[in-house]
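Chains as they are written, first to last, in my numbering: chain A, 1 to 293; chain B, 294 to 654; chain C, 655 to 1015; chain D, 1016 to 1411; chain E, 1412 to 1705.
These are calculated hints, taken from the structure and not from any lab test.
Beta carbons are placed, not taken as given, at the ideal position from N, Cα and C, and that holds for glycine.
Possibly wrong hints are sitting among the right ones.
To be verified - Below 27 angstroms or equal to it, Euclidean Cα-Cα: the simulated DSS-like pairs (lysine-lysine) are:
id: 1; chain 1: A; residue 1: Lys186; chain 2: B; residue 2: Lys536
id: 2; chain 1: B; residue 1: Lys569; chain 2: A; residue 2: Lys186
id: 3; chain 1: D; residue 1: Lys1233; chain 2: D; residue 2: Lys1174
Said to hold, decoys possible - Okay, the calculated beta carbon distance ranges per label pair:
id: 4; chain 1: B; residue 1: Gly307; chain 2: C; residue 2: Asp943; range: 36 to 42 angstroms
id: 5; chain 1: E; residue 1: Trp1610; chain 2: C; residue 2: Asn670; range: 52 to 58 angstroms
id: 6; chain 1: D; residue 1: Gly1078; chain 2: B; residue 2: Gly307; range: 27 to 33 angstroms
id: 7; chain 1: B; residue 1: Glu354; chain 2: E; residue 2: Thr1685; range: 42 to 48 angstroms
id: 8; chain 1: C; residue 1: Gln978; chain 2: B; residue 2: Lys400; range: 32 to 38 angstroms
Stated by the list, open to error - To give an idea of the interface, some chain D residues facing chain E are shown, with a C-beta separation under 8 angstroms as derived from the structure:
id: 9; residue: Asp1363
id: 10; residue: Pro1397
id: 11; residue: Asp1399
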Amino acid sequence: MAPPPVRRRKLAWTPARVGVYGFLIVAALFFLLPLYVMLITSVKPMEEIRLGTLFALPVKATLEPWLQAWSSACTGLECGGIRSGFWNSVAIVVPSTILSIAIGAVNGYALSFWRPRGAGVLFAILMMGAFIPVQVMVYPLVRVLASVNLFSSLPGIVLIHTIFGMPVMTLLFRNYYAGLPMELFKAARIDGGGFWRIFLQLMLPMSTPVIVVAVIMQVTGIWNDFLLGLVFAGSEHLPMTVQLNNIINTTTGERLYNVNMAATILTSLVPLALYFISGRWFVRGIASGAVKG
Amino acid sequence: MSNVAIRNLQIQLGGNKVIESLNLDVKAGEFVVLLGPSGCGKSTLLHSIAGLIDTTSGQIEIGGKDMTWADPKDRGIALVFQSYALYPTMNVEANMSFGLRINGTPKEEIARRVSRASDMLQLGPLLKRKPANLSGGQRQRVAIGRAIVREADVMLFDEPLSNLDAKLRTELRRELKQLHKQLGATMIYVTHDQVEAMTLAQRMAVMKGGVVQQFDTPANIYNEPANLFVATFLGSPGMNLFKGAIERQGDRTIFSNQHMSLDVSGYPFKQPLAGKHDCVLGVRPEDIDVGNCDGADNVVCASVSLVEAMGAHRVLWLDFHGTQVAGIVQDQQHIETDKDISFSIRSKRISLFDGASEQRL
Amino acid sequence: MSNVAIRNLQIQLGGNKVIESLNLDVKAGEFVVLLGPSGCGKSTLLHSIAGLIDTTSGQIEIGGKDMTWADPKDRGIALVFQSYALYPTMNVEANMSFGLRINGTPKEEIARRVSRASDMLQLGPLLKRKPANLSGGQRQRVAIGRAIVREADVMLFDEPLSNLDAKLRTELRRELKQLHKQLGATMIYVTHDQVEAMTLAQRMAVMKGGVVQQFDTPANIYNEPANLFVATFLGSPGMNLFKGAIERQGDRTIFSNQHMSLDVSGYPFKQPLAGKHDCVLGVRPEDIDVGNCDGADNVVCASVSLVEAMGAHRVLWLDFHGTQVAGIVQDQQHIETDKDISFSIRSKRISLFDGASEQRL
Amino acid sequence: QAPAPAGAPLKATVIHWWTSGGESQAVKQFAEAYNKAGGQWIDQAVAGADQSRATTINRIVGGNAPTAAQFNTSKQFRDFVEQGLLNNVDDVAIAGKWEQLMPPSILEAIKINGHFYAAPVDIHMPAWFFYSKAAYKKAGIANEPQTWDEFLAQLAKLKAVGVVPLAFGGQVWQEKITFDAIFAMVGGADLYLRVYRDRDQKAVMSPAFKQVLVDFKKLKGFVDAGSPGRNWNDATAMVVSGKAGVQIMGDWAKGEFAAAKQVAGKDFGCFPGFGPKAPYIVAGDAFVFPKTANATTIKAQKLLATTITSPAAQVAFAARKGAIPIRGDVDESQLDICARQGLAIMKDKSRQLPNTEMLASPDTTGALQDVLTSYWNKNQSPDDAQKAFARALKDQ
Amino acid sequence: MAKKRQSVSIAAYIAIIPMALTVLLAYLGTMLWTARVSVSSSRTFPASDFVGASQYIRLFNNERWLLSLQNVAVYGVLFIAACLIIGFLLAVFIDQKVMAEGALRTIFLYPYAMSFVATGLIWQWILNPELGIQEVLHQMGFADAKFDWIVDQDMAIYTIVIATVWQASGLVMALMLSGLRGVDEELWKAARIDGIPRWRVYVSIVLPMLGASVSTAFVLLFVAVVKVFDSVVAMTQGGPGTASEVPAKFIMDYLFGRANIGLASAASIVLLSTVLAIVAPLYFVRSRRAAKGA
Ligand SMILES: Nc1ncnc2c1ncn2[C@@H]1O[C@H](COP(=O)(O)OP(=O)(O)OP(=O)(O)O)[C@@H](O)[C@H]1O
Ligand SMILES: Nc1ncnc2c1ncn2[C@@H]1O[C@H](COP(=O)(O)OP(=O)(O)OP(=O)(O)O)[C@@H](O)[C@H]1O
Ligand SMILES: [Mg+2]
Ligand SMILES: [Mg+2]
């Protein structure tokens, strides 16, 4: 009397499932295509590149361009590759990321919970500022920094990155904190927490997901920045990207595409590594969602 | 312990007048419950007492001092939130001790208070857990514990039990009452659950639309509701209402409408009545007696539309000319739906309300 | 309308056995309530009936067909969620009609069903509103409306009233009962609120830890709980329990312990008793009579520790040698706390449980 | 000849945009010469001419000016002079007899209000014609063209045998170079100067100028579809591989040929124009010296100006850079045949033409580029282009 | 005795001092400075004279500027729409409990880590009709295949869209994914019971719920549109001709290459005003709706 049991639904390979994977694979191929071209170009000798066979695998693969990019490509008089700027970049990225996130977080926190008078207006202007092309701001900012003796120094470039990161960082944290229950803040107020206490001991530990996003955005942005570093960092602190740019962008000199590509990939390794590492955190942070207390 | 006095409080939020000219006097050590439907401004009132919402005008006194603009932490209050608002990144112990640590209370003192509160609330084994790993009831206790360790003179509770199941609710209700005895603190407790309100309150304030409708002992409010709203909001099921008119006939006062009439001469009118008066008669389900429908005097008949067995008693729903009348029966007598039944109103236990102003007569 | 039969159902979630070998037979058109404490697997069971959770083993039959692996939409069921799960971006009408529109139901048919449901639930004026602009009770009705328009043979409810205030809960409870009459559909209703369970159920299943403890009519479960758990879980306050032993003394059967003894000869034992037997005696608060403590026979004294006025009745808490005994008094007699009072147990209305297995004797 | 000071070497921070391998080799010659002369060269390479100049401006504004900075030999640094931001190097110019040694077009660019505000470092001829000998052979062309028409005919022949006749990079500045080459060849030096130097509206609106526009657009028929956006070196690579016949490009393109191990005169040919009297467009780079009161820095600036204009440094630099020296009194043997040819032409003042940058402000040159690129890429009539050209010249 | 508005502590005001200084000195300051320069005759350096609106007049007589504005409008609409759609689709597909989710996520996100200085060149190659996809198609025997947008006057701007979407949609995906994971599980169940296909749920129910994610993504993308520069320079240099010119490039050209900061400033001010004219109403509507929803 029992009708034949319907088969288990759990088994995966339905047409819809195939479609999902199909789409993802096609999309992944599209996203990987430029990387593929970059990679194979970076291991081709220049003769092969001149042939213009863009997608062809290298006939004679060579690691020479990578070595050259890393340690002997010329960036002016120096022919030390991009290696030398690495630590400069680190020295800029670390404090800039920390400071810009710290200030963005404090701003977002103040805007969401304390709402001091005038802060709303400041925030609106700040967001407006996000739309000014960076280049336009360079000249006046040089003047300002020069007037406080910070031009061409490490603190100077850190400050500049903090300034330029402020709109988006503030937006990010403001939106995140706006999603937290107001009661939490009120409870801490009753417990006698002041502005900083509540921020440091309560809000900051709860901000992991948004901090991960902020770190990704800031590290990527600051690491890849070249214009601001060039102008504000001073010659001793030029970031890696200035060298990368020197290698890639020549006006009238010859261009070594293989070295260019190798240098580009090398330079991107830090943000890429960050993506790999933080990816899991990112998802975990997202999955835990609005922290339920 | 301190008294709390609220004078002419008015609160606007985003343009809405949420609280209008509210007065409330809570004696030191008293347990007062604020009861009202969702959205009536209970939480707003409580938060303004705690100093978390700025008042638009009016005064809040705590312990005899004007605290209208004092900082929350300086008011000598503790607050248990509707949503618990536990700090998700701290374990139970840290949650409870956070405020004390901020105030720089000595370590031993903190330990003493936390262990006392956790004993009281049986939180001992949970001290090292994070809120995410606690059940709803346990979270609730932590939230209460956090308030207790503050050893505040005034404790405020914002619907602390609303998310728990009936059994837990009953238990915690008793524990709270116990707590009040032990601590002796002034307690103001917000709820929309009347059972909670009735069982916990020494006095309770019934609110609606930001206005206190009645502020009295639970029994008085239950038995002599000040207006129609209070009458129907309290009781489960609420008071049965009959529209009609009231008139002096000789030395008797008679309530009557199309379908019934009742001698209400014994009713303690606040003001002597003159002439005919539109009014509403209210009677609690337990003050309705049912019997066989045999056409006796002062006995009205209606058909039973539903019988709800509640275990200890049953609720009858009678269809009386289109309105549903609820009655409560205690005994095991057999009652069938769709059959006619007689019911009578205990005229000594009625309430009468003005038809227009809806205020108690 | 269809029957629902569950055979040897077992469900594992993330490694936990949430449901173990569960059997349940719901007749066509019946209103069955699943009652149990938080976390006992009620939602899991309901969702597996709906096909939203894969079963680990066992069978689910709906309307005589094996539906263990059928798609939710093909099971002829409708489900009202604990959290409503309304589509937040659609207005009330769209919320109700979305499923029908997707299935290609003709426009007129959709309009007919929606208007019928909205009439039934008095949602007419709200049809164009978004869920965010509705109160909790209104959202609840929309969620029910969405289930109704499906005109399913089996309707499942997952604690649909748990977030509402007492008054609304009472109202909606009645409406649901009415609905069942009108629709005639099989209904399975999950709750942890016993009042709801008692009033709504034709039969109810009390669950604990994924296992059905008792499946019977509310009255039977209330009056003759199958085990200690059911006895204490039901009733507010729950059954009073006294540990002791039971023994035949001549043709009488006597329950006794240190402090009291009671003749339980009239008790309908399932199996004849032999010798002395450790057991627990249970009696509901309303089956305890109180009087003055004058030392009469079969009358025990205890001091009153708390009086809870509930409006219609009062709950007394008596301190009887360290255990709290609850009693219910209906009349207005004056009772003071901390005074001694006598109480007696109506021996015809007791329950007896085995001391070890905790099962009813 | 300037004596090295005793003690600390004279530090000179130099901003320039020579960043590629070949360019690095070239700038190294300067650095070594300077260091040998008792200085210490501190290199600050910034890729991209615009970017490099912007850096210089920002450094000056920010009070952290370099000792010297590269500009094109042009009007690019006029504003600096007017703002009084540059030191002059009159002493060095007089001592080095610049007026006698250097071509007038260069002098015109660096001598402002009677003072020398820049030290020229090289001369580029931006409009060389490079051709693939293999492609020419395939098309059966034996000689370099002597006239514009002959050139067009050769392009047609190349096209006929399936070679891309003109290797063309469709970037604005490459279009401009090509146009200027055609302008100088077809329109003649006189018209060129009247338009660019005198901004003579009549000259612009003349039929002769219109003919230049028409002739320029004729080249469009000889470029391939992939040209827009192409980098100049990719275009050169087409000539290197014989895929394309001719490229009109600055002499720096020789670096690419060299990298592909091709030899001028053997694998590829070069000619600066049609016929023996063809005009020769002059461009180049120069160093300017930001203002400072610091005596040591001024000394360094002078030493630097002296060193880099010295014949030895000049020829060493030019040889690696693919340019020609700014002075004729150098040892030619290090140079390739194209450069030698250029050096020879430089002796004939009548053939020299300054490039647009020397004659007009950057703003004007930019505006002209805009006009030309629209004309080249869009379906614009020569008349419209002519009018736009006139307007762009008048506007500034 | 206790005064009003004490509830906002002084520390809060101190804490926003960095923001206040930044806003006043860096943002407001540069905006005013730019406005001032735009009414002067400044060339390489700011001049202190006053020439009225002449820079603006020149600006609006400049065809390239007008074309830039037109281009950025077209680009902006397409870029934002494409990023949101593709980002959303990727997020949705990744959300289907697929294998190798982490790897896929990284694949979609990595372009965001790479600067356009080099990847622009790669795109230029891939899209080049003589080198890239078109050539490959020809070699595969599709002789008629034509994909030469990058050299086509009318289509060049779309190639910028393709490349920048490739770069930015990963970030949108991340934001959307975070939104998707926040959707109540019971909603999905409700939809299953209603028999609503998953894609329909995404389109009709989930998408409208992702308001916060979408608006954050929108702001970030909008900022990117206004500032789009690197990709254009690296891929087309604004060409062919002026076909893919954009305002930021125009401003850059005049700022340094053409040494006319007066005109560049005027262009910046016009750009900023345009942005404000678009953003302000959106902001207004949103804050109104937020106020109403609360
Ligand atoms: N920030 C605000 N802006 C505008 N109106 C508000 C705001 N906060 C609350 N309200 C309104 O004030 C009224 C009272 O809110 P309150 O939270 O005090 O209600 P409540 O009595 O606590 O209700 P519940 O029992 O649901 O918690 C509500 O109508 C609410 O809509
Ligand atoms: N995905 C899951 N993985 C592991 N355990 C689960 C999962 N979902 C539920 N559980 C466990 O299954 C048990 C039953 O959960 P269920 O939601 O059915 O309880 P319930 O009876 O509906 O409770 P409530 O009254 O609180 O809604 C709980 O102990 C819970 O912790
Ligand atoms: Mg509230
Ligand atoms: Mg549940």
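Hints and how they fare:
1. Straight-line distance between C-alpha atoms of lysine 186(A) and lysine 536(B) comes to about 47 angstroms, which puts the hinted pair past the 27 angstroms bound.
2. Straight-line distance between C-alpha atoms of lysine 569(B) and lysine 186(A) comes to about 54 angstroms, which puts the hinted pair past the 27 angstroms bound.
3. This hinted pair checks out: lysine 1233(D) and lysine 1174(D) have alpha carbons roughly 14 angstroms apart, not beyond 27 angstroms.
4. Distance hint for glycine 307(B) and aspartate 943(C): a CB-CB separation of about 56 angstroms, inconsistent with the stated range 36 to 42 angstroms.
5. Distance hint for tryptophan 1610(E) and asparagine 670(C): a CB-CB separation of about 33 angstroms, inconsistent with the stated range 52 to 58 angstroms.
6. For glycine 1078(D) and glycine 307(B), the hinted distance range of 27 to 33 angstroms is not satisfied, since their beta carbons lie about 52 angstroms from each other.
7. One distance hint, 42 to 48 angstroms for the beta-carbon pair glutamate 354(B) and threonine 1685(E), is violated here, with the actual separation near 56 angstroms.
8. Range check, glutamine 978(C) to lysine 400(B): about 37 angstroms between beta-carbon atoms, so the 32 to 38 angstroms window is met.
9. Checking aspartate 1363(D) against chain E: minimum C-beta separation of about 33 angstroms lies over 8 angstroms; hint violated.
10. A hinted interface residue such as proline 1397(D) counts as satisfied when its beta carbon comes closer than 8 angstroms to some beta carbon of chain E; here the least separation is about 16 angstroms, so the hint is violated.
11. Evaluation of the aspartate 1399(D) hint against chain E yields a violated restraint, the C-beta minimum of about 11 angstroms exceeding 8 angstroms.
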